[in-house]
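One-letter residues, chain by chain:
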Amino acid sequence: MKRIPLSSRASVLSPEPAEGPKDARPGTHSEAEAAVEVGPGSRRAFARLAGMTQWFSKQRCALMLAAVLLVLTPALAVQPDEMLRDPKLEARARSIGKELRCLVCQNQSIDDSDAPLAHDLRVLVRRRLLKGDSDDAVKQYIVARYGTYVLLKPPFDPETYLLWFGPLLLVLTGGATVYLFYRRRAAPETAPLSDEELRRLKSLMDDAP
Amino acid sequence: MIAEIGLFALILALFVAAVQAVVPLLGAARGETSWMNLARPASAAQFALVSLAFAALIWLHVTSDLSVLNVALNSHTDKPLLYKITGVWGNHEGSMLLWVFILALYGLMAALFGKTLPPALRARALSVQGMIAFGFLLFILMTSNPFARLDPAPVNGNGLNPLLQDPGLAFHPPFLYLGYVGFSMAFSFAVAALIEGRVDAAWARWVRPWTLAAWCALTLGIAMGSWWSYYTLGWGGWWAWDPVENASFMPWLAGTALVHSAIVVEKRDTLKAWTIFLAIVAFSLSLLGTFLVRSGVLTSVHAFANDPARGVFILALLSVVTGGSLILFAMRAPALRAGGIFSPVSREGGLMFNNVFLSAAAGTVLLGTLYPLFADVLHLNKLSVAAPYYNLMMPLLLTPMLLLMPVGPLLSWKRGDLKDALRRLRFAAVVTAVTVAATLFAAGTASHNLMAALGLGLAAWLLAGTISEWAGRVGLLRHSRDEILHRARQLPRSAYGMSLAHIGLAVVLIGISGSLAWQSETLLVMRPGQTAQIAGYDVHLVGVDDNLRGPNYTTSRALFLASRNGDFVAAMRPERRVYDNPPEPKSTVAIHTNFFSDLYVVLGEADGKGGHVVHLLHNPLVPWLFLGALVMVLGGLVSLTDRRYRVGTPRRAARIPDEAPAASQKVKIPAGVQYAAPALAFLVLIGFFVWRLQEVSKGDTPDVVPSVLIGKPAPQFDLPPLYSGKPDFKTADLRGKVTVVNFFASWCVPCRAEHPLFRDLAKSGIVLVGINYKDKPENATAFLAEQGDPYHTVAADRQGRTAIDFGVYGVPETFLIDKSGVIRFKWPGPLTPEIVHDQLLPLAEKLK
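Order-wise, the sequence lines are chains A and B.
Numbering of the first sequence is given in my numbering, commencing with residue 1 and proceeding in unit increments.
Numbering of the second sequence is given in my numbering, commencing with residue 1001 and proceeding in unit increments.
It is worth saying that the hints were derived from the structure and are not from the lab.
Built from N, CA and C at the ideal position, the CB exists for glycine as well.
Check the hints yourself; a few may be wrong.
Here are some chain A residues pointing at chain B (derived, C-beta under 8 Å) [to be verified]:
1) K139
2) Q140
3) L163
4) G166
5) L204
6) M205
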């Protein structure tokens, strides 16, 4: 069975600016929801190159672009119009956002990603906070939909014991190696001085001026 | 023509590498001097040929020869000359050529400066270099030919990613590769020593400067990458624990351990097997990084065109290089007899302690980087290991080492006096206590301030301890001024090198602590004439000039005036550029630094109402981070100039053995399993990689997120219809029939590709529901009118909220829901006939 690689599919990331707040259904506005707007500037480009047709969904966070380094999209992710008026609540939203993974941009938090899905999730986080959810409840809300994969800090459970205890295990292994190293070498390397040698040493020492 | 010359040079280089790999090795085994001596001209020829190929590729890029695929894909005629040159290594093929070029450069240097080396050791080491070069040249020629032609040539190229159109690209990758590839020298000499069965002080004295040079380059390369990301990406951070960053940090940790353990081999003739092991590990981790980044087994923001076929090749290369050397290690290391013994409290003991923690840190980064891959292979819950994990583990692992860092140099070799060392650190202890108290007093005792106090305290301890050690050695406060100056001059350069490197680390630590604890930011919409406050600064937006032209971009440039208490501080001009080719945005950050902190201004998008989104950051002590890294590199360079290590003048006293085939007869049967353990562990690792690669090549790429909703009831929703006048579509409507729910959008290209399949599906008697995702109704209806409307019901999810409840992360996605409303199957991505007929339909039949 052959699966189409995901990179060949346009993601949620690729819409033209489609839905503005003006288009939003009446009656569903909330402070957070008012901001549901897809980031502008995104475009669906496809590069046609001498017979080869390649679909570049550039919004897959440059996964398809060949480049040596740092190919993050410029990170100016959180937009002012998303922010909550209550600074305390907004601060909580920011810290939650830093712990949730943007699913379409690799290894970025939703706080760092300007992907539309990340934007939607940021708005959702804020909406849950406004409804009075605790930080954990908000995270669980997202996890219930996307799995523990969205948590940038992996959960502590039997599947991750090795991950969490690994560093300690490594230090202990190092310690044990050092201990064995000393034990093997503890055996006296040279025979102690014989009586004759001791006598000579003493006489040499005594002779010294 | 130029491209063909380059390709031909590469092919010739491959043959030269084969000769260089085989003949000197045989010569060393048979004691044939002329065979051994072939290694040197071969290295020179190798360098000449690879340089020719590299120059050819640069020429093709500079002249924009678009009939070359690599140029067409990665360049554009409108690019400034600098980026035409640096763009050569801004892509996979070119960067591999840079890698091989640097490898050949090191080979040439070893051949030139290694005149005084024992001929057999030199022949074997250069032969190993030849093997590595052979592997990489073969890799380039078979999978990544930078000279491949394109016929017909396109009118113009695709251009270079704007983020790479930065002077940083000129320096960062070359230095990084000088570091990675530099470790190949230590590796080659380690393998040569294993073949000979002998490691001695002369070996260490030769290997150490090369390792140190590589370490300096790698440190500089990493620091530059970090700085680059700091000033180009506009996120205000400098390290993200992305797999690619980890791939450079792991060899750095191993290389740092190696630089230290090689001292013990040189001075005390012990820890030989361990040092050899580290030399193998440092280079292997460099190779592993290459594999992880370019094979597609892990996801990373640093995008190389991932290609499992290349992954297979690099994996084979990694297996041969690392596996082979580890097997050799298991066979030969037990025969390396250790020299001097020492007590746990001694200089050697301190260096060993340093090695334990540095290695554990490297191991932890490796574990964190590979854990998602293990989880994928073992079908555990898919997980992410990111910054929160490393930010917890690294301080835990490195704090003990930092605590002991000032103590180690105060201990004497063989047997040290801990009490005396601690007594000499009284001054440092006082400085540390004062630093911690002052930090807490000034900043308060919130948790981030506690962390900062700990970090700054450690830095103060290291700084004051290092200075105390130097003061003790020159007899500060004990001698006359002339005597002190005399002693200071007499101290070897390597002592200054160590002090500088340790001081540099302390400064880096200050930068890390300050920026992690006290970064502040403001995000707002500003109109010209408005002023925002951050960290005591008033930042006034004068205006924004739109549509300014750069060489190959259009830009909006803002003018901000920063002031503090009414005093003018700086004029700052952040930009927001859109490049012509490829048409992508890039923001140019304006940074004002006063050495203690950075004021950092990022210009965001216009809001269409005369305002601009502005991101203001205040980054305390970040300049120290980069400055500290430079001081560390300086320390390494100073140490390199030490008379004993000066490259090219290894001591005449180095023993030159007259018999070449050494040790091989003397080798005993391995004494313990511990020497075989790394090879076995590596075998398991390779097993994981092979398994994962095979899954990735079948399409199970790491960015496929399995649904957690399989077997769970469909979420609650109530969506309006796409066509007005129809009823809403609700969760309850799913009851009693087998339903296929397809999320689609008119703007989604793959949706068009899969669309015809739904006609077949609709015929099979399954209820087909389309949910139109974040679309304009008129676009969606036009799309369905044009492509045909196979759906029984079409609902509109304008906000994308229901999609989130379904766990959709990209369109198209398709769900199969049974009669009781439970989700039974999900396909992320466009459907194919195989999936429909082999999976979806059979399952639907069963559920009916």
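Structure-based check of all given hints:
1. Annotation: K139 of chain A was flagged as interfacial toward chain B, and the flag is violated, the nearest CB pair being 12 Å apart, outside 8 Å.
2. Of the supplied interface hints, the one on Q140 of chain A is violated, with its beta-carbon coming no nearer than about 12 Å to a beta-carbon of chain B, more than 8 Å.
3. Residue-level restraint check for L163 of chain A holds (minimum Cβ-Cβ distance to chain B is 5 Å; threshold 8 Å).
4. With a least beta-carbon distance of about 5 Å to chain B, the hint placing G166 of chain A at the interface is held under the 8 Å criterion.
5. The closest approach between the C-beta of L204 of chain A and any C-beta of chain B is roughly 23 Å, which is over the 8 Å cut-off, so the hint fails.
6. Look at M205 of chain A: its Cβ only gets to about 21 Å from chain B, farther than 8 Å, so that hint breaks.
When held up to the earlier numbered hints, the structure conflicts with 1, 2, 5, 6 and fits the remainder.
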